[in-house]
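> One letter stands for each residue in the lines below.
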Amino acid sequence: MNKRALTALLLLLTLAAFLLSLMAGKVWIWPNSWAADNADGWIFLELRLPRAVLGLCIGAVLGLSGAVLQGYLRNPLADPTVLGVSASAALGGVGAIYTGLNLLPFGLFTCAMLSAGLSILLLLAISRSGGVMGFILGGMVLSTLAGALTAFIISIAPNPFAASEIINWLMGALTDRLMADVWTALPFMALGVALLLSTGRALDALTLGENGAKSLGINLFRLQWIIVLGVGLAVGASVAVSGVVGFVGLIVPHLIRALYGEQPSQILLPSALGGAILTLTADSLVRLVPGPSEVRLGIAMAVLGAPFFLLLLLRYRKGTA
Amino acid sequence: MTLTVRNLCFAYAHQPILEGIDATFDAGKFTVILGPNGAGKSTLLASLAGILKPQTGTASLHGTDITRMPPTARARQIGLLPQGAETHWAISSEALVALGRIPHMRGAGTSADDRRAISAAMSATATEGFAHRPVTLLSGGERARVLLARVLAGEPEWILADEPLANLDPGFQLDILHLLRQQAEAGKGVIAVLHDLQYAVRFADHLVLLHQGRLFAQGGVDDVITPANLADVYGIDANLFKDEEGAVQLFIKGKVRP
Numbered sequence: 046m047n048k049r050a051l052t053a054l055l056l057l058l059t060l061a062a063f064l065l066s067l068m069a070g071k072v073w074i075w076p077n078s079w080a081a082d083n084a085d086g087w088i089f090l091e092l093r094l095p096r097a098v099l100g101l102c103i104g105a106v107l108g109l110s111g112a113v114l115q116g117y118l119r120n121p122l123a124d125p126t127v128l129g130v131s132a133s134a135a136l137g138g139v140g141a142i143y144t145g146l147n148l149l150p151f152g153l154f155t156c157a158m159l160s161a162g163l164s165i166l167l168l169l170a171i172s173r174s175g176g177v178m179g180f181i182l183g184g185m186v187l188s189t190l191a192g193a194l195t196a197f198i199i200s201i202a203p204n205p206f207a208a209s210e211i212i213n214w215l216m217g218a219l220t221d222r223l224m225a226d227v228w229t230a231l232p233f234m235a236l237g238v239a240l241l242l243s244t245g246r247a248l249d250a251l252t253l254g255e256n257g258a259k260s261l262g263i264n265l266f267r268l269q270w271i272i273v274l275g276v277g278l279a280v281g282a283s284v285a286v287s288g289v290v291g292f293v294g295l296i297v298p299h300l301i302r303a304l305y306g307e308q309p310s311q312i313l314l315p316s317a318l319g320g321a322i323l324t325l326t327a328d329s330l331v332r333l334v335p336g337p338s339e340v341r342l343g344i345a346m347a348v349l350g351a352p353f354f355l356l357l358l359l360r361y362r363k364g365t366a
Numbered sequence: 060m061t062l063t064v065r066n067l068c069f070a071y072a073h074q075p076i077l078e079g080i081d082a083t084f085d086a087g088k089f090t091v092i093l094g095p096n097g098a099g100k101s102t103l104l105a106s107l108a109g110i111l112k113p114q115t116g117t118a119s120l121h122g123t124d125i126t127r128m129p130p131t132a133r134a135r136q137i138g139l140l141p142q143g144a145e146t147h148w149a150i151s152s153e154a155l156v157a158l159g160r161i162p163h164m165r166g167a168g169t170s171a172d173d174r175r176a177i178s179a180a181m182s183a184t185a186t187e188g189f190a191h192r193p194v195t196l197l198s199g200g201e202r203a204r205v206l207l208a209r210v211l212a213g214e215p216e217w218i219l220a221d222e223p224l225a226n227l228d229p230g231f232q233l234d235i236l237h238l239l240r241q242q243a244e245a246g247k248g249v250i251a252v253l254h255d256l257q258y259a260v261r262f263a264d265h266l267v268l269l270h271q272g273r274l275f276a277q278g279g280v281d282d283v284i285t286p287a288n289l290a291d292v293y294g295i296d297a298n299l300f301k302d303e304e305g306a307v308q309l310f311i312k313g314k315v316r317p
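Protein chains in written order, with the numbering used here: chain A, 46 to 366; chain B, 60 to 317.
Calculated directly from the structure, the hints in this document are not laboratory data.
Computed from a prediction, not measured in an experiment: that's the story for all the values here.
Treat each hint with caution, since some may be false.
[As the list claims (entries may be wrong)] Examples of chain A residues lying across from chain B (beta carbon under 10 Å, computed): (1) R49; (2) D85; (3) G86; (4) L122; (5) L190; (6) A193; (7) G245; (8) G254; (9) G306; (10) Q311; (11) A351.
For each residue, glycine too, the CB sits at the ideal point set by N, CA and C.
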């Protein structure tokens, strides 16, 4: 199948997954009642629509960020968490819940986004040399530090209810988000995605190593800024609005490479689509699992994703060996 | 058409690598940079390619400081084949060669000019046969030619190659040397860092011999490759002689006795 047809297929699947996410749930809401003036219509507008839009955006952001970071670090194990931006945004969110700032309008989002922004500035300061090593180490330090502080806040939570609220938020979910959440997060995500989509040619050049890329006129210092800003804004905003949803950024670029080949620029847009499809589908499935409360999306993703990824790796290795 | 370095100095963390290098490189010539490990050959080549900024002194192309040229304009003029034959993803040979067009690309996709240059580079290096094979599945000799084709695809006036013969068998080494020679004869400035003195003697028009970060000698083969210079710089006892076809050959007898 050629790449145009594949991309058309992915677009179609994205649309299908989006529609599924609009309809699926304990109550199925069919298109004929989307505009209805009753409970179904209300559920659709107030719950399903923001949830589906967020699923689409967050999935796309995570898939794209994973593809860009794997390309930049030339390492297929990289994912959006390597920069420590997700952990920092999560710390900000947890801090907001602990202090009660999350009760203010946009309090949680603002805290998480500020924390993500701080981590971006720190990363840029740490990795000023433009080298990959400083970048990875900086990300690791930030990630560990933010993780430890998050654990600390949980440990000093005033009561079990607060601790459980924090943990629940951390696990990542798209439940009960409002259109207002969507509108707050969207500009950050859009800017981040635009920055990340512009990196294709530079990532391709890095196929030849850092010196090869430099000799082709690529400014690696500038590339690093674009990536830190792009991932920081886009992933920071997604964590701020949905908690940490893992695995999408790691797994999607691999699936896309199997279809599109390994050239970094060729997998950017498809990885965004793939991330959206995976997230929307998983988020629809968690709603359909019977039980009193929903499985958290972040958990479902890991539980479903890990064995699938393993299977894929085994097949892939058999294929190339 | 010359690449010139004037009083070039470079140090990594106060450890001097290059000190006061003055040299001129001409278009249409195959220049070989020689010197033992750690002499500063790669650093000199990287300065000429404009990817390393010297602490003092300048490298200039027709009088323009290379580090002040816009990177894309510089990349169109000066192509670099970096050390180590690094490639990171299993992309096709053709896609790899196409990377050489990056300095010429505006907007998305490849132009007719790009496609012409890519196919010319692949035919010059006889790599069309495996255009669609992933570079990860190529043999060392095939890969070296594809990587050289990548540089040629950019149609630079200057071709800089850092140890292009490393890890290749003699037949493949000669393939690469002949390709570089051809480019020099076609009017390009070719500058290569080599370790093999025998090849340097046979293929170079001009030699630059570095020793401990300083320029030890430069000039034609007869001026630079002398038993005395080789003993001083490499610590080897070597003979030069003319073979039955009249070509100068080098024979290394052993280390210089202390």
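> Confirm or reject each hint.
Tested hints:
A least Cβ separation of about 13 Å between R49 (chain A) and chain B goes past the 10 Å threshold, and the interface hint is therefore violated. A distance limit of 10 Å between C-beta atoms decides the matter here; for D85 (chain A) the minimum to chain B is near 44 Å, and the interface restraint is violated. Because the beta carbon of G86 (chain A) sits about 42 Å from the nearest beta carbon in chain B, more than 10 Å, this interface hint is broken. The criterion of a C-beta within 10 Å of any C-beta in chain B is not met by L122 (chain A), whose closest approach is roughly 13 Å, and the hint is violated.
Restraint check, L190 (chain A) versus chain B: the minimum CB separation of about 28 Å is more than 10 Å; hint violated. The criterion of a C-beta within 10 Å of any C-beta in chain B is not met by A193 (chain A), whose closest approach is roughly 33 Å, and the hint is violated. At about 9 Å, the closest approach between the beta carbon of G245 (chain A) and any beta carbon in chain B falls short of 10 Å, and the interface hint on this residue holds. Hint on G254 (chain A) holds. Least Cβ distance to chain B is approximately 4 Å, under the 10 Å limit.
Evaluation of the G306 (chain A) hint against chain B yields a held restraint, the C-beta minimum of about 7 Å falling below 10 Å. Taking 10 Å as the C-beta cut-off, the interface hint given for Q311 (chain A) holds, the closest approach to chain B being about 9 Å. A least Cβ separation of about 24 Å between A351 (chain A) and chain B goes past the 10 Å threshold, and the interface hint is therefore violated.
Consistency note: the structure conflicts with the earlier hints numbered 1, 2, 3, 4, 5, 6, 11.
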